[in-house]
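**Q** Listed below, chain by chain, are the residues.
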Amino acid sequence: MRSASREGWLAGSGAALSAILLAGCGSTYTPPAEIAAVAKDVPAELDYNWDVRPILSQNCFNCHGNSVQKSGLRLDVAANAYGELPENKGKHAITPRWPEKSELIRRITSEDSDEHMPPRESHKVLAPVEIATLVKWVSEGAQYQQHWAYIPPKEVQPKSTPFDKHAINPIDRYIYARLDTEKLQPAPEADKETLINRVYLTLTGLPPSLEQVDAFVADKRSDAYERAVDGLLASPAYAERMAQTWLDVARYADTDGYLNDSGGRLLHPYRDWVIGAFRKNLPYDKFVTWQLAGDQLPQATPEQKLATSFLRMGKRNAEGGIIDEEWRVEYVNERTELVGSAFMGLTVACAKCHDHKYDVISQADYYSLAGFFNNMDEGGIHGTGPGGTPMGPTLPWPTKEQQDALDLAHQLVKKQQDEYRNTVKVVVEEVAPQAAALARAQRSEVALLLSASIDAGTQAYYPLDSTYIASFEPLMIEPAKGRFSFEGGDDDVPVRPPGAGLPAGPVKAKLPRERLAATDLSKALGRAIKEGRYEFQNAIAIRNRRLLVGLTEEVLAWTPSGRAGDQPGAVNNAQFIEGVKGQAVQLHDTIGFAAKGVGAFDRLQEFSLDLWLKLRAGEPYKKASVLYNQSRSGYDLLLENNRLKFDLVHVAPYNMLSVRAVEPLPQEKWTHVAMTYDGSSRAAGVKLFVDGVPVRTEVYRDRLTRTSMPRGGHSLLGSYYGLAFGTRRAQEEFMGGAIDEIRVFNKMLSPVEVRYLHDPEFLDNIDSVALGKQLAEVLAAQDARMVNAKVDLTNVRAVEAKVEARIPQLMVAGDAPVARPNYILDRGIYDKYLKETPPGVPARVFAPDPTQPLRRRIDLAKWLFHADNPLTARVFVNRLWQLNFGAGIVQTVQDFGTQGANPTHPELLDWLAIEFVRSGWDIAHMQKLIVMSATYRQSSNVSPELHEKDSTNRLLARGPRYRLPAEMIRDGALFAGGLLVDHVGGDAVFPYQPDGVWEGNGLGANIYPSELDVPADEFHRRSMYTYIKRNAQPASMLIFDMADRNVATVARNISNTPLQALVLLNDPQYMEAYRKMAERAASTTAEPKTQIENVFRLATRRHPSPAELEALVAYRDAESARLAESKQDVDKLLNIGVAPVDPQLDRVQLASLTMVAAAAMNSPDAYTLR
Amino acid sequence: MSDRTRRDSQSDNGRNGVSRRSVLAGAVGLGGLALVDAVSSRAFAGAGSAVASGSIIDKGVLKTGHIPARAKRVVSIQMCGAVSQVDTFDYKPTLIKRHGEEIPPSVKNAGGRISAMSNGQTAYPLVQPIAKFRQYGGNGKWISDLMPYTGRVVDDLCFIHTMTTEHVNHDPASMFLHTGFQLSGRPSAGAWVNYALGTDNANMPSFIVMKSQHQSSGVAANGGLWGSGFLPSHFQGVELRAGADPVLYVRSPDGLDKKDRRAELDVITRLAQAQYAASGDPEILSKLAQYEMAYRMQDSMPEVADLSNEPKYIMDLYGPEAHIPGTFARNCLLTRRLIERGVKFVQLVQLGWDHHSKITARHPPDCMAVDQPSAALVADLKQRGLLDDTLVMWGGEFGRTSYAQGSISDVEAMGRDHHGGCFTYWLAGGGAKAGHSYGETDEFSYNIARDPVTVHDLHATMMHLLGIDHERLTYHFQGRDFRLTDVAGKVVKGVLA
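Top line first, the protein sequences correspond to chains A and B.
For the first sequence, position 283 matches number 277 in the working numbering, and the numbering has no gaps at all.
If you count the second sequence from 1, you need to add 625 to reach the working numbering.
Isolated chain B (complex conformation) (with noise of 0.2 Å):
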């Protein structure tokens, strides 16, 4: 190649990291056919216009992590709609002592952006947690009765009281917490995650996401929040479905048994290696390398949604919704199947949670939904001595209000607003550290006492203990490279274990 021609390349090759390897370990199986070099290919693809062959079953652009890893799988699990802090993890006893009473101006206008839902209103009365909390761990953390079962795993969880984002709407603050930025058309983490470190198992995508279901309405998580933006499509996260068909698709046609399907790609091998021969075009192989993943996803992807092996003890573990499909009960038993297989990055998203109104009524039940699944998983990746090794991550978007939304003479009709000044994640497992809490608000859960997080900085500790650092994983688009962390960003060395 010319001197030019490598000019020209260069300009979206090797900048991504994609440029000196080899893979297709995935066409095994194809006896007889070469494997094929994909770096050409990968490297066209950084400028969108053309294909990345057999990459899904390689090990990412990170042949090994920039630093040794604490995690090698994430769980990324969503509360989209916002679950309110104060009621839950931020415990407050001043709220229960200055309960209706107005939140100081001083603490509001210090607070940031306020979502246009509520700024209207005519006061901004304080109002208690809307249950009890109590103690639970060695470390005697306070937790609420709306999450009894998170407190038993509490010895295991790290608390960070001080997430704050700017964003104060759904839309922008989810894709945010996300992807990193506002708008959608950037990777998602999990994408980001999936781009660096590749797959431990050729049978099943890297990056799989399973959307609960739940009767909210208004709120909505759509496919950019898994997408894989600039990153070539293949590494945005796949959907596990409720239903007949755990991935779109992926149901062979009434009339057509397995060996009946192993019949027809055998056939289409055929043809494929003959068009091989005629055109001697490499991307043929690679087709069909994706073929055989296809066949082997058809029983893979079925097998792990099937729970008919799964004992009494732990469905009983998940709670009673475990038996239902496409409950968060049911997605967090599936989660732990999926990280057992060796999947990267497992993102479930819970909807709901968005109570401006009737939070006394509406809240309880869907921290019901959540509490048991999200415990057990924690409890059941460790007994398998899972959770050493995998990052589990648990929040909103944002928080909510510690003043009512609403009058709070008609307790019943009150609810909580947006919040973005602070609200609380919690980590467990892959090298966070345990039984421990991080930051504090002040008094009224409104603003950060100390030690703020940044979603960045959230995302920035994420890939630390995935061995990444998130500066320098990077990707070359439209004249400037990329990172999930943007411009900012930086690890909390204080929820390490």
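Chain A with its partners taken away, still in its complex shape (with noise of 0.2 Å):
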């Protein structure tokens, strides 16, 4: 990097530039006479970063840069520049050393406006100097360079100077050598007094007490100012301070944002670990790391996990009829976007819809980048499951006592389990020679067998004939009379299905009320069989019974008879064709939803779907719903590329099981198709059937630990909550494709039974030996002892639900088990995919090994924290500078990219980075070197002469001033008020805010609570905790700028209103703040003057002068002499705000002392760090 000395070149001579020009080389070129007399203006020694670019880039890149090249030249590479125009034969836009023999300097001097560079329709124009600027630079050669920040920073001595020995560290003599070099001088340190209150608010966000502040003006100790920065940088606050900057990085909202804008999610935890982070001063590797990639350290500890969270804080769209896929790729963008403001300081957003006009970032980069975000297991449309979980990744955050809770739940249902396999083991072995004996008997009474276990264990039954169809009524339950109850109430008597092949009357439904005593079940099944009607008790009925004894409320939302309005089912727009037996449904914008209730299970009871199929030729099915109960969270037999597969969803695409067949069904062919699943809430415990056979599967989602109840109804249907098929809401039709025969069962189903739905006939040509075994499984099913092993491991299983329910899930970072392919996409848009590209790092920005892939995020996190990455160290060491200093050494601390600012001590900006990196990383280390520096200890106050040269202090001739953020002006008034209470973490609270404000914002507007339900202490928490709602953010704390946290913010506003006025001249949270210190003050001392004083101290933390001293005692003589004449006044003063009044004052006295410090506050000094 150059060397900070810049002498003007060819000082007063403008007539010695083409002398210049032509040392040492052949060129006569002369210049003309306007850009000549400007040439004193530009630098001796040319610097292309420096001097160079930012001409070229600002007037020049967009046309002739890196994405566009008009007429075939790009000026922003250097072989490019110097080769011969390809549209201008035997022409080159550079010829190094020849000006007249180049393009770029003859266009942009030419008169002739049509071939004049810029052109006119640009709005763009050279001024003279920089147009002699890029006539020397042609002149001495055109010398190309990496951008300044994309070469890794070096460490430079800076030149002495006389300052020197003010130096305190190194930054010092960097900030002296410039200073010399532009003849200024640094200022005297700022008096102690200033200089107390002036580290406190940087280092705290807080003020000073009086007493610390007299404590330390009395320390006279050659170390008070180092012990004093060491307190600070050891004490909570301070990491509240660091916290609440980061906060607004991560864009940390309490809400959602965009259109519902709902809020309920739990976040503060990630808040609450931000603050500890600074709290044990978490290198800054670490703290990045753990936030981009937590997850996937190896054994990732749940608070490492929990620092995840970063990359789930951004909005999230919960507005019905969004694009799911399209509003995935939002959030992954986001965060793209994000890790370039937060951590690259690079504008990736540019090189979204095209190659970044001026920087190294491609669209191809954009999209590499990207695919590290692109595996996040999440959809969307950001809806909550049931019970309020979130969507995409989560991780529980138990209290201590409801992990006790569940470690213990986890045990029972562990032992249950190992309880229910023995049983499983020795029912099996017992019922083996009855089955065996059964497989060697007349096969008929196996299918009489088979049919009784099947008929019993089903819920329903759909033939899909059309004489039945008329109003879905044959339903082997029929839904209006005969409802199939869990409740076991002796009118629900299930009726037959017709034509079933069975006896004629109903199947006998009423339901022990007790535990079955284990009784040979076997036999009573034998005689039934014999005597040709059924005993059979509905074991499954049984169990859920169980279930339904004093549990859960997700158990208990079973009960589909629960439900008002239960309504029969219909199939619209069916359109027959010959099916299976008899007719079937062809599928064509139909749907078919069975009555209420039917097929509503959860993830802990037995079910099995089973059915037949025939797929549509042609197209394959992409992702289509055959079966489902699914709305949100529920279940969905579906095909996807035409494999079948099931879902069991509590929220997509996380919370779930998802197991698909992995060979394709057959296209136009009827199909049987049966799923069978254990209540297990594992994929395990499903299994897949193609013509009574189980097929091979793989497993997608293996995490079920919510209820999978449907949620909010049908899509189309609204609140049916039942068994469905056809057209849904933003999903492929199972269109073209047809159905026959569903059954559900409220059963797992054994796979002989399966094996029997698809083809009785089978029986006939079995072997003894393999039948005998597969019945001894149906016949075991029924034996009392395994029922009741089953309900009691639903039971526990049941209590483990219901802990686990109640404890709150964090959103968190987490990659789908299946890589998503990455694509470039055409002009950002969503769906439309050009070259796909694995995820990966810009290599133009910094490539350590090119041949190593970068494939997740912590490979990314990896590479940001690479010894020799240009960018992390500098962009992060530059947001701690703009914090203690107001403005960054680069100020658009945002971009260091090449439409930036250049930094205005770039030498010192790499001492900083690699000092940061030396001190691994250490965050606090380089905030005490900051805070220690001479420079930041020096006065702010400015000479008139001193501001006309340097008025933005980017040179630092002076200490730091600048307006204070929102949090530290507000946090100011409640700690000067003695209000301020100083618990960290927690829940947002609700402070004062004027009616309405919430109205008309989205959802939950009308939550925010009335004053009378707020915790009286909640008014004066620190205003990091406020409850932020994205779409109207804290009133009066947005009009002093508070980052909206819609995005990631590195740099606030600091704007000046009149609103800012009247926050701080009417809000009733300062006019509190003001009686209180009226009341500290007057409670101290008596003496009047003194009081003014005091107030006027808590205000500033500084001693009066003479001159404001003298204009707030004759303040407080007219207000008590005002007031003295109106009581109803005073009353009203003093009414302000829920913190008491002392009832020991003087209340004149008090409510004129509390316009001095109404006075005092509003007054600059009060809310300018200075």
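Hints are not guaranteed to be accurate.
Restraint-style ranges between C-beta atoms, simulated for each label pair [unchecked claim]: (1) B:K722 - A:P658: 43 to 49 Å; (2) B:S1034 - A:E439: 50 to 56 Å; (3) B:A1038 - A:D989: 54 to 60 Å; (4) B:P729 - A:D843: 55 to 61 Å; (5) A:G77 - B:P729: 52 to 58 Å; (6) A:G382 - B:A1038: 28 to 34 Å.
No wet-lab data here; the hints were simulated from the structure.
Fair warning: this is a prediction, and the values are worked out from it, not measured in the lab.
Ideal Cβ positions, reconstructed from N, Cα and C, are used throughout, including at glycine.
With the hints as a guide, bring both chains together as one complex.
**A** Spelled out as structure tokens, the structure:
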């Protein structure tokens, strides 16, 4: 990087320009007179990055840069710029050392408006000094250079200056070097009162108390300041202050944003983690790595996973009707841009739709970077599951008690599982001889057994024949009358399926209320077979009955008859074709739905689905539901690329089971399919069958920890929750396919039953031994011991479910088990795929080892913290600099690219970056270095001459001075009034806010609690704990430029508006604080002048000047004279706010002192860091 | 200043056109204090890190427009939730003839994106307008009976029937309509105008927003719609609210009258002067200027909101709801008062309209709430000679489908879904062509037959009427020059008078 020494070249001698141009070359170029006239303003030593690139970048690269090359000219790469112009043979844009042979120079100096560059219509005009700069640059050889920010930091010793004796640490010497060049000198150290106030505010966001000020002023030890700094860096308030700035980067807010802007997600554990991280001074590399990829660390701790909430804090769209994939892609992009601005200081967003016009980020780079986030296991529509589980990856966040309860429940489940397994083993062994005997006996008896067993488990049967279809009545369980009920009322008599080849008459369905005695059911079964009737207890119903006994809300929700307004099922728009038995329904904009309650199963229940399918020819089904009850949560038997798939969902895609057959189903052929599920909430409990035989499956998701009851109703049918097929909103239909013979079972079918359903004839051809083994399973399933063991298992699972249901779920990062293909998107449109591109880093910024593929977020983190990454450390130390001085060394803290500002002190920036890495990314160390520097400690007063020369204090010939951020102004007032509650962390709070701010700003507009409902201390928590609604941010803080938290903010505006005056003058929050300041001052002394002095000190932490004191004394006198005449006004003034009034104090004096406090707090020194 | 400093600051100075002015007319009244040159701080604000002094009372970055202005002010009336164009202003007899018939697939398929709300429907039957149309004005413009008052001012209006947007969900579409971009974070149209043209009244903000109270749920309008995006924050719209405080925190605390407030400000001024003397920080003086502005707003804003001097015939003109604070009618009347006082940009936000179901019952009252007041505003501005140089713009973020959402057999339950393919906007005054209809939709009001107008075109046209070349009003941020019309937009010549 260049040296700081910059003497103007050719001082005072415009005429000498051509002489310089001629030096050392044969050029005889003479620039136009107006250009020659400003030659003295061109730097003596030109530096491409500093002097030339900004001119080219701003004026030329738009049309002749890396994405657009008009007339084939590209000016940002030397080889192209020097080369022959494609559309102007024999000519060159730049011929180094020969301006007269450079089209660039000819065009920018041309008088001919057709030739002149930049063209008129661009509205860009080169200043004469800019033209002179380019002329000189070309004359001197047109040397290009890599952009400074992509060159790794290098430690350069600053030049010595006469001020070096004042230097406290290296920071100062770099600052002095520039000051010396600019012929400025550093300011003296600020007085101790000012300094202690400044450093408290900078490091903790809170002012010092008067006692702390006095103690510091009195402390004559040479290291008094350092002691104070060390104390502050170790304080919780420091952690809060640092966290607050980080939460701007993390776009932390309490609601989702967008249309609905709902709240209710559990978010503050992340915020409190950030505070904790600064509290223990977690090194920056860990701090960032955990947030980007904590879940991918080996043996990741819950804390490391929690940190990844960072990636989930962005806005979330829950508007109905949005396209899921479009918004999923939006979240991916949001994170991509977040990482760009938060860590890399690059505005990558420009490259979303096209190659970055100015920077080295191409569109391919953008989507490579996006690839790190493209695999997040989430969707686009941000609904919540039942119980409020957020969509996407979550982390349970139990209290200690909840964790203990859960551990216990897990143990119980495990024990009961073992017991169940043992029971199965014992019973199967026991019934094996019987089963073997049965298998050897008449096959017709076996058939009777199987069909009886099948029928007994059938909840509903839909032949789907046109004769029955009128109102979809011919269910096996006739919905209006014989509704099947888990409640077991005597009236609930299931009717038998017509034409199912079974004896007429109802199946007995009276349910025992007690646990079954362990009787030998198979004997009863044998009797039933002989007598030609069933005495078959509906075992599943019994199990479910058992589950109803006082367990969970979750379980109670199973009761289908518990829902009001049950309706018969129907098939709309059915087209009948010849089916497997009788007719079948071919789908074409068809919706079929069963009577309410049919197929309403939760994850703890066994159930099975069985039907015949015929897939259309041609185009395979990408993702078409076949049979489902899903409405956000629920189950879905579907076809994905013609492969049979079963999803059981709490919240897709993260909290669900998903199992898919490996082979596709045949097309245009009736195929029997079945799904059986054992109630275990495990993918292993799902079996898929095709044509009676279990098929090979792959597990896509295996994490179901919450209820799978449908929520919200069918997307088209409204509050319908039961079994359905056909059209759904926003989902491909099983269009052109056909369905027949749907059966729904409230038990898990055994394989032999499925086989029987497929083809009863198989019994004729099966070997007795094999059959006997399979029948044993059927017989065993009827055994009361097994029934009871299953009931007991389900009971403890329900207990476990109940405990889990109460544990809050945090949104965190987590990748889908199978990587999504990652594409470059044409113009950024979510479904316009260009080339596939693997995840990767922008190699032209920094590529440590191009052969090493970086594919996961953890790789991205490693890349960021690679020792040679030129950006990460610079970007962060620059933000620390901004935090302390109000502006960065690179003023555009969000943009280190070629369009950003150049650093004012490049060597200092590099030294800080190197020191940061050297210290082990120690943030507190850097903070200490900065506030310890003589530069930071300078007085911030400014003379007119200095202001004229450097109005924005870029050169730091004085200390920092800027209006305080929103939170500090409010916290400072609360602190001054002795009101501030210093409790760290926890739920967001609702302090004073004018009525109606939330109205019309999405859902929950009216939930802002009334003042009466807010616990007293919640009015006075630090401002960072205030509930942030994205669509209506805390009103008074927004006026003071609080970040809107919609996107990452690395630098806030510091505006100056009349609304700010109105807040400080009128907001009850402040008026209350002013009164409490007055009370504090009045209760420590009775001396009026001292009271005023103390009030002023509480406001500014300094003693008033005589002029200030005089003004305030006069004001107090006038106010007390006025208020003595108006007791009403006194009462009104003192009545503002919830904090009680000290009854010991004189009310008129208190009221007038309150107004003194108001005046002091409204004076600029009170809300300015100085 | 050295060459390097110049180069450093040039990166964000000058480009935004704010670099060479001294302002602070508002510092008058602070006798003896020097006026402050706001050059440096304004330039600094471009990078988002320092102060923009006093600019709220300046003349904007464009001292004069790029071209002669036809309009000096804008009233932008936004029907968030989306008005049904087929039931109000875009008359299509074919829909009556073919009521109940399926919309031809060729028409539907040409119509671009369908909201996921109705894309699972089994049928898309056309639905006739829910009210009769009749002709109004010199040109016999067909207007629905839902908008009879609008019919009476139709000769002052310029309809654009061929507005089109690619966004079919409320949040992105509204954001697009207000800021030219579908995601929040860009400056709103009002903020751009404020930034460009400044203010004509030192006593009140030049960009004021009023959000009418409405029973509607679901569709929201948030601050992003009138935010300043990356422009300095004082360019954002100031919300004029119903109720006790027309502007947040504008009311003095109880126990403090105007005289007391003046006394308080005087002592604050004395303190600030002392602090300025000690520190030399000119920012202190611009703070004082804002305090004085705040003081004036404490009078001017309640004064605007106080309608006690409005005669009965004016109240009657706007309709009975003008008596109720927070209603659209009241806000239309307040708009006229703001326009009279020289406010540059007034944005009215009306919620409701989003009738996916029960449109026959729910659209008429929503129309009634806005019809008379909107027409009254046009008539009132006109009778005061203000319509000539005030541009009024009226419409939703998209249109609604000419086919039924839900089943047409259940007329009461039926609604209309979002439709971005075409929708209607009207303009009045400010150089818009009066008594004119621009563009034509197909016979189903589903696709555009000729002359489509995008949101960027609408913005470009608005800018043009204000004397601004939309391609030249830019702001440099994050490495590029941004503008309201992004990289698109052309002035719709056909709507210019």
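**Q** Work down the list of hints and note, for each, if the structure agrees.
**A** A quick look at each hint next to the structure:
A C-beta distance of roughly 48 Å is found between B:K722 and A:P658, which places it inside the suggested range of 43 to 49 Å. Range check, B:S1034 to A:E439: Cβ separation about 53 Å, and the 50 to 56 Å hint holds. For the hinted restraint 54 to 60 Å between B:A1038 and A:D989, the CB-CB distance of approximately 36 Å leaves it violated. At about 59 Å, the beta-carbon gap between B:P729 and A:D843 stays in the expected band of 55 to 61 Å.
Between A:G77 and B:P729 the beta carbons are some 56 Å apart, a value that agrees with the proposed interval 52 to 58 Å. The hinted range of 28 to 34 Å is satisfied by A:G382 and B:A1038, whose Cβ atoms lie roughly 30 Å apart.
Checked against the numbered hints given earlier, the structure breaks only hint 3 and satisfies all the rest.
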